[in-house]
Each structure stands twice: as C-alpha cells, then as structure tokens.
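Visitor: The listed protein sequences derive, respectively, from chains A and B. Using the working numbering, the letters of the first sequence correspond one by one to residues 1 to 367. Using the working numbering, the letters of the second sequence correspond one by one to residues 1 to 571.
Hints may contain errors.
Which residues of chain B face chain A? A partial, calculated answer using Cβ under 10 Å [unchecked claim]:
| hint | residue |
| --- | --- |
| 1 | Arg-3 |
| 2 | Lys-13 |
| 3 | Lys-174 |
| 4 | Ser-466 |
| 5 | Asp-469 |
| 6 | Thr-480 |
| 7 | Pro-484 |
| 8 | Ile-544 |
Bear in mind the hints are in silico, worked out from the structure with no lab data behind them. In this text, a Cβ means the ideal position worked out from N, Cα and C, and glycines have one as well.
Read off the chains here:
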Amino acid sequence: MATEQKGVRLEHVSKIYQDPKTKKDFYAVHDANVNIEPGSFVTLLGPSGCGKTTILRMIAGFESPDEGEIYLGDEPINELTPNKRDTAMVFQSYALLPHYNIFDNVAYGLKLRNMDKEIIREKVIRILGLVGLEGMEARMTNQLSGGQQQRVALARALVIEPGVLLFDEPLSNLDAKLRVDMRNEIRRIQQEAGITAIYVTHDQSEAMAMSDEIIIMKKGLVAQIGDPHTVYYKPADEFVADFIGESNFLRGNLTAKDGASGVVTVEGNSIEVSSVDDDVSVGDTCSLVLRPEAAVLADEGVLPAKVILSRFMGHYQNYHVMVGDTLIKITDFNPKNHKIYDVGDDAFVAFTKDDVHILPTTGEKTA
Amino acid sequence: MARSRSAELDRKKLFADPILIGTIVVLIAFLTLFILYPLAVLMVDSFITEEGPTLSIFQRVLAMPNFRTAIANTLKVGFLVGVLSTLVGLLFAYVEEYVQLKTKVMDGLFKVVSMLPVVSPPFVLSLSVIMLFGRAGIITRHLLGIPDNNVYGFWGITLVQTLTFFPVCYMMFKGLLKNIDPSLEEAARDMGASRWKVFTSVTFPLILPGLGNAFLVTFIESIADFANPMIIGGSYDTLATSIYLQITGAYDKDGAAAMAVVLLVITLIMFVVQKYVLEARSTATLTGKASRARMLITDNSVRIPLATICLLIAIFVVGMYICVPFGALFKTWGRDFTLTTKWFEQIFTRQQGFKAFQDSFILSLIASPITALLSMIISYLVVKRNFKSKGFIEAVSMLAMAVPGTVLGVGYIRGFSGGLFGSGILQGLYGTGIILVIVFIVRSLPTGTRSGISALRQIDKSIEESAYDMGANSFEVFMTVTLPLIKDSFLSGLVTAFVRSITAISAIILLVTPRYLLITVRINELAEKGAYGSACAFATILIIITYGAVLLMNFFIKRFGTSRAFVEEED
Ligand SMILES: Nc1ncnc2c1ncn2[C@@H]1O[C@H](COP(=O)(O)OP(=O)(O)OP(=O)(O)O)[C@@H](O)[C@H]1O
Ligand SMILES: [Mg+2]
Chain A
1 MATEQKGVRL
11 EHVSKIYQDP
21 KTKKDFYAVH
31 DANVNIEPGS
41 FVTLLGPSGC
51 GKTTILRMIA
61 GFESPDEGEI
71 YLGDEPINEL
81 TPNKRDTAMV
91 FQSYALLPHY
101 NIFDNVAYGL
111 KLRNMDKEII
121 REKVIRILGL
131 VGLEGMEARM
141 TNQLSGGQQQ
151 RVALARALVI
161 EPGVLLFDEP
171 LSNLDAKLRV
181 DMRNEIRRIQ
191 QEAGITAIYV
201 THDQSEAMAM
211 SDEIIIMKKG
221 LVAQIGDPHT
231 VYYKPADEFV
241 ADFIGESNFL
251 RGNLTAKDGA
261 SGVVTVEGNS
271 IEVSSVDDDV
281 SVGDTCSLVL
291 RPEAAVLADE
301 GVLPAKVILS
311 RFMGHYQNYH
321 VMVGDTLIKI
331 TDFNPKNHKI
341 YDVGDDAFVA
351 FTKDDVHILP
361 TTGEKTA
Chain B
1 MARSRSAELD
11 RKKLFADPIL
21 IGTIVVLIAF
31 LTLFILYPLA
41 VLMVDSFITE
51 EGPTLSIFQR
61 VLAMPNFRTA
71 IANTLKVGFL
81 VGVLSTLVGL
91 LFAYVEEYVQ
101 LKTKVMDGLF
111 KVVSMLPVVS
121 PPFVLSLSVI
131 MLFGRAGIIT
141 RHLLGIPDNN
151 VYGFWGITLV
161 QTLTFFPVCY
171 MMFKGLLKNI
181 DPSLEEAARD
191 MGASRWKVFT
201 SVTFPLILPG
211 LGNAFLVTFI
221 ESIADFANPM
231 IIGGSYDTLA
241 TSIYLQITGA
251 YDKDGAAAMA
261 VVLLVITLIM
271 FVVQKYVLEA
281 RSTATLTGKA
291 SRARMLITDN
301 SVRIPLATIC
311 LLIAIFVVGM
321 YICVPFGALF
331 KTWGRDFTLT
341 TKWFEQIFTR
351 QQGFKAFQDS
361 FILSLIASPI
371 TALLSMIISY
381 LVVKRNFKSK
391 GFIEAVSMLA
401 MAVPGTVLGV
411 GYIRGFSGGL
421 FGSGILQGLY
431 GTGIILVIVF
441 IVRSLPTGTR
451 SGISALRQID
461 KSIEESAYDM
471 GANSFEVFMT
481 VTLPLIKDSF
491 LSGLVTAFVR
501 SITAISAIIL
511 LVTPRYLLIT
521 VRINELAEKG
531 AYGSACAFAT
541 ILIIITYGAV
551 LLMNFFIKRF
561 GTSRAFVEEE
571 D
C-alpha cells in the first residue's frame, strides 16, 4: 500500500540533553549507527531512560540530533520539519484530536494533502475496515475504549501511507490480554501494508514476538542489533544477556579456541563450547552465559553443584544451586517425571556445548 | 560536547516555517514598540536632559512635598487595602469551601460578589460611596443625620478599593483551599485538635504563601488604581493621580515621566516578588487535586457568625451597586426621590451619550478580538514552541501586567506625540483611534495570555505533535487543533478584553483626544463636576452592556464549548 517502502539510516547520531537538576549536558543517545531495511519491523528495546523515545523523536523530527545524520531512504532529513517527513507516529497516549470524530481524525492527514473528498472517504473507510472499526466513523474519541483509540491512532498513521511508521510504546496503556491481541494485529497490518516500522517498547516479549530485528539500547548506546534469535542466543554482552530473558554468568578462562568453538575452564572444570564471541581470545577471562531453561540438574553433568533452593512452581521446578561461589538458577520445565533434588543435595548442572555462549568479561557485575 | 548543532537545526526548521517566523517577528515588533519603548522613553526622559545624563529631574520631583506625600499615601492605602482584601477574601473563600451553607441565596450572593467587580467599570463603587456616605449621602445625611460627612480621602479610597479588590483574593483562595487534601485536616481533628487549632496549625500554614501572594496582588492593584482615587480621593493624592495632574494640570512632562518611573519601579519590585517568589510557592505547597470531598462545618457556633459577616459584606456590596441605577432614576439624589428618566434622556440629548457609547463600543469591539487572538498566539508560542526569543515574548507580555495604566499613558504621550524618539516617524498614530485600540490591547493582553497559557498547559503536547506529524504546518496546527481545543479560553479572553477595554480609563484618559468620546472618560468628568445623576445613568448602561457581554459568553461556552465535530469548518 505504501507508495514506496523506505529504509531509515542513522549515521553516528547523538543527542545531548541538559540534566535539569545538575545543569550538566549528557548524551541521551550516543553515536547510534543503525540501518533499517525497507519494509522491516524493527524494535527499539531497552530499560527506561535509555534513549529509545529520543531516537524515535529524532526520526520523526520533533528533536534535532547534535551529531550525525539521519536518512529516510536516501534522503538526509536533518533539516526537515516533522510535517515534511514521510513518517507517521503512533503515540503512547494515542494523541487523538479530541474535538474531531473518528472519521475526521483519520481523514486529518489526507485533508491536509488537499485530496478529493470522495477519495478521502474511500481511503478512510478502507483503513477503518482494516483496523476493525468499520461503522464507527461518527463516534467521538472519548466514546472509545483504549483498544479502539489505539486502532484509530494506527489507522490515522496508516492512511497517509507513510514511508515509515513510528510507534512509541503504543500498547503500554492496555491490559495484558489486549496487548497481545493488538501486537499481533499491528504486526499483521504492517506486513499487509508492507510499511517499514520502528517500534519502541521495553517489553521484551513484545519485541521478540513482533520484530524482524531488535535494537537493544543501554544508557544512550546501541548495545546490540540483531534478529530475535541472535540477541537471545548470542547476546553481545552481559547487559544484553541479562536484559533479554534471564541469564546465569559463570566466570571462566578460555583455554582453547577454534573459530567459534573452544574450551573454557570454570572452577577447575574444562567445558567444551561451540559459541565463542569474536572478542574473546585464548587466555582471556570470560563469562559463560547459561540460560536457566537450558540447563538441568542431573546425577552427572558438567559442573558439580549444591542445591540451596528447590521449589515446585506448577509447570516448572525452580532451583537455585551453588557452583563454587556462583549462584546458578535453573528452571526445569514439566518436572513431573524428572528426579527432584532437595535443598542440601549434591548434583551436577548439565548442559550441552551448544547451550552456552561465551562473552568477554565486562568487569561489571550484572548478575 | 555541545548542543549547538541541534540548536542550529531547530533554527533551520523554524525558518522553514515562514508563517511562524512572520508571526514571531510581528509579535516582537509589537511588544517592543508598544510596551518596552514607551517605558524606555520614560527612563530616558527622566534621566537625560539636554545637558546629558542627570538625576536633577528626580531630585526636583522628590523635593516636591506633594509628591512625597503622594508616595506615602499610595503605600499606606496599598498596604491597608492589601491586608483588608486578603482577610475578607480569605473569609469568603473559607466560608464557601469549609462551611455548610447550601442555600440558593448564599450561593447566588457569592457568585454575584465575585462577578460584579469584573463587569463593572472601576469607579462605580466610588460613585456609590459618595452617594451613600457623602455630603448628600442617603445613609449619612438622611439616616444618621450627619450633614457634612467627609468620605473623601484615605478611608474613602481604602473602603472602595477593598470592596473592589477582595473578590480577586476570594477567587485565589478558593482555588487554593479547594486543593488542600481534606485528610490532612481530618488527621489533625482525629488527634483532638479544635477547629480553630486545625485552621491555625494545618490550613493556615498551607495557604501562607498564598496569603502573601494575594496581599501583593491587591497591593499592586491598589497602587496602580487611578479611577477611584480620582473620584473619591479629594485632596488626598496618590501616585497615579499626581502623575495625571502633573501632566494635565502642571504641563510638566519631564516631571510626570520621573514620577511615572517612581511608580513603575515600585510596582515592578512588588510584581517580581509576587510572580517569582510567592506565586510559585503558593501552589507548590499543595499536592494537587483534593482526593475527595471535605466534611463541611455544620456547627452553628462557627457557621452563624461567619455566614453573617459574609452575608453583611455581600449585601453591602450588592447594595452599593444597586445604588447606581437608582442614582440615575431619582430626580435629585439626596433631596428629591421622585423617579424620573430625565438623566437617561439627558445623557443622550445633552451629553453626547450616543457618540460616547458608539466610540467606546466600536473601539473595544475592534480591540477585543485582536487581543484574544494575540494572547492565544503568545500562549501557544510560549507553551508549545521552542525558540530563542520566546523568553523575551513571555517576559514582556507579563511585564505589561505590572505596568500601571497611568505609567503606560505617560509613556505613550512621551513616546508617540512627537513620533518615535521625537523623529516624527509614526507620529500620525498619536491622537488617532488606532493608538486607543493599541492601549486597549496592551492593557488586556496579560490577563488573556495568562488564561491562555494555563489552558494550553492542560493539553498534552503529543496532540499537536501528532498533527504536525500528519503533515500540518504550524499555522494549520494552530488553527485546526490548538485554537479549537482552547475555544473556551479564547472566548472568555475575548469577552474579558472587551469588558476591560470598554471600562478602561487610567491610560486612556491621558491619550484620548476630543475626536473620541469615551464613556468612562465622560463618567469621570461628570463625577468630578458632581453631576451624579448623569454619571450614574452612563454607568448603569455601561454595566448592562458588560454584563450582557458576559452572559453572551457563558451562553456560547455552554452551547458550543469543547469537543464538537468540526462540521462547521469543513464546508
Ligand atoms: N527534553 C529533555 N530534556 C532533558 N532531558 C531529557 C529530555 N527528554 C528526555 N531526556 C532524558 O533523556 C534520556 C532518554 O530519554 P528517553 O525519553 O529517550 O528514554 P526512553 O528510553 O524512551 O525511556 P522510557 O522507556 O522511560 O520511555 C532520559 O535520561 C531522559 O531523562
Ligand atoms: Mg520513552
């Protein structure tokens, strides 16, 4: 539907704000390099205050970058005002125009483009059908539920057929059930319309479920860019590993390396691994990232451990075990026919070489 | 690390919007020319003579015993009026918010009392005080048998100004008290504190900065007031009247300029303290919206005395206003109480009443939409846009609030009678209706801007951003989103500007030429001559006009207030 799918490129983009309390300048976004493919769905994910909204608002044109250049397609857009940019934003607060009814809200952008009345009517009706609001044209915005307002905001952005759709935590005001429905809906409509979408959230399951690519941010810096699989299984650093899902970190030493494979020594045990980060060389201290659901407790395995917590949670058994001085959390799913270990038992943490990822040690303690 | 790059880009984006830039330039020019420039001229006039910079004019003016007395008088009256208005205003607000009084009569009275000073010309109370308590006063002469009561002077001004300004305090305190969380007070009651103890230990400390704020606001109003001291001051001169006499009686323009600077400096200092120290603090102490309704006081030992005092004051105020139409209906006030329409007839047959109403009406009607639109534009720029000269625009339009009308009037005389800086440029403006309209605009701009700003602050900024994002430029956003959303504020700004303009006198009396007859100026003349019948007839009609305007506004706000589809606009 979009006249032309457009990619978005950020080259060395930084934004500096002044802290209102200390009056000191700080980087809200620092040296962001991002290349978003036309037609893809990309999420900006990160903890509160890491600069997601700032990036989005720079793309929309509400904020100007202090360094770097932003491209929409091949066109540098730094100097364009928001109304001249081929973007449409869906706001967290929906930001519907309260003095217009639904039809006029959706038609607003089209009217500004001086389109023919009949064409406007046609387009609006069609889009309202797409978002499931047919027949509600005459309602005022305050007569809508949160989910319906959300759809109007989406329809309003879609109808002007922008090159890029921007979403700033559009679902955060909705209840959990509606959130899941709406995220599937948004994804479906985006794919149907074939529009590039940039989506800000701090809900990682939302990011996982919707994205072609996830951009993970940390304090203004881009920590990792990758598809959901990559960021989950090959996190770029301990921050990402910890932020996406849950992770155990075991300190170790890389003793051998051959491509991505290698051998790590942890607490005197040699462990074979198949996924070593490029930045780790033989002799380096490193972190072994182990997902709680990737390990099991067994009578024999890779690392000897002592159980200090064992709790039945219904669909899984929750263990805390000590490997040397390190606490490891293990979730054993569907434990009905598994052996259950009790507090004080000795056991082994078992996993395969493909279940762990080796990162350089950052020195920061994230676990 | 520098933010210069984003600032530069923001500037470029701003310049990509010619309408916005044009508006900003025009605004800055307007504010500079009609607010800053006249004040600057006053400074220049009073500090610089042909021989160069000097303090001699100030020395001369300050050496005049009359002027020194006037300063003392002004401050004395201002102080007392400030205290009294604050107390009476607080009493009314407390009774309204804390005491169980639910009767229609009381509600109505409170509403009327808060509304009357808004719709009535500034000197109406002076007229009625003279008619009630003056030499021929109904109360003093006929009821009490005092033939020669002197209401002119200190007590007269104080009484009239207190009655005129306490409703302002009442409205301020009403807002403050409403926002006090009742659970704070209930907690104290629970621990055994008496009502009085709760008031002194909880309520009072919470509104203390508000008290200071209200005091200063009325202090400034009192100091700046021209009309009441003019009519009821007698030989008791205040700064505003001294300046007027210096220019109209003594033709001493430099002296008047220096006096105006003195008055300006006093009000500016108060204004800065009020605005930047007290105003912020008076709201900061309050948490926000009250969580639930307050248990009203039903105890008769509290209720009856408080309610009685309020009732008496309210009846007194209303009585004063009722005096005015009767003043126009009695044959000879104080002697012959037969009803007659002769005064009403006379103002049209002998006093050129028709032309006066026409001139006042037309000039105000021209000024009010411009004022309302300007103040909405300024509020929009101040609240919603970011650009370098924004601070300037905000500061100057708020500054106008602190400038007494008399000072502005002298500034205009000095600044425009010989053209800009005496060069002859724009000299054509002086003496025309245009300059009167401009004065009306400047005098009403701050109130309009203030209400616009608070209305706009309520609107989530993303609503306008979304309109931008859809492709609207600043002008389209303002017209299709901002203005419709603050329609009520715009409408009330329109009416307030109209009412303020048609009842204005302090600056205008210095600038009006015989080409224009203005009602307020006429009333002032007639009152000075002691022609109270005609003065009251003028004032009555004027009150009817302004009250009608307010009724019309309320009707429109009710009928067409917020959130209706923009069908009208589409076609
Ligand atoms: N106008 C501003 N002035 C100063 N600092 C700002 C401004 N806007 C944002 N910031 C700061 O910039 C940083 C990044 O803000 P941003 O809104 O981009 O965070 P976010 O990642 O969207 O967070 P959240 O998930 O809470 O929405 C924060 O520290 C924020 O306080
Ligand atoms: Mg955000």
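Visitor: May I ask which of the numbered hints given earlier this structure violates, with the numbers listed in increasing order?
Guide: Violated hints (numbers, rising): 3 and 8; every other hint is consistent with the structure.
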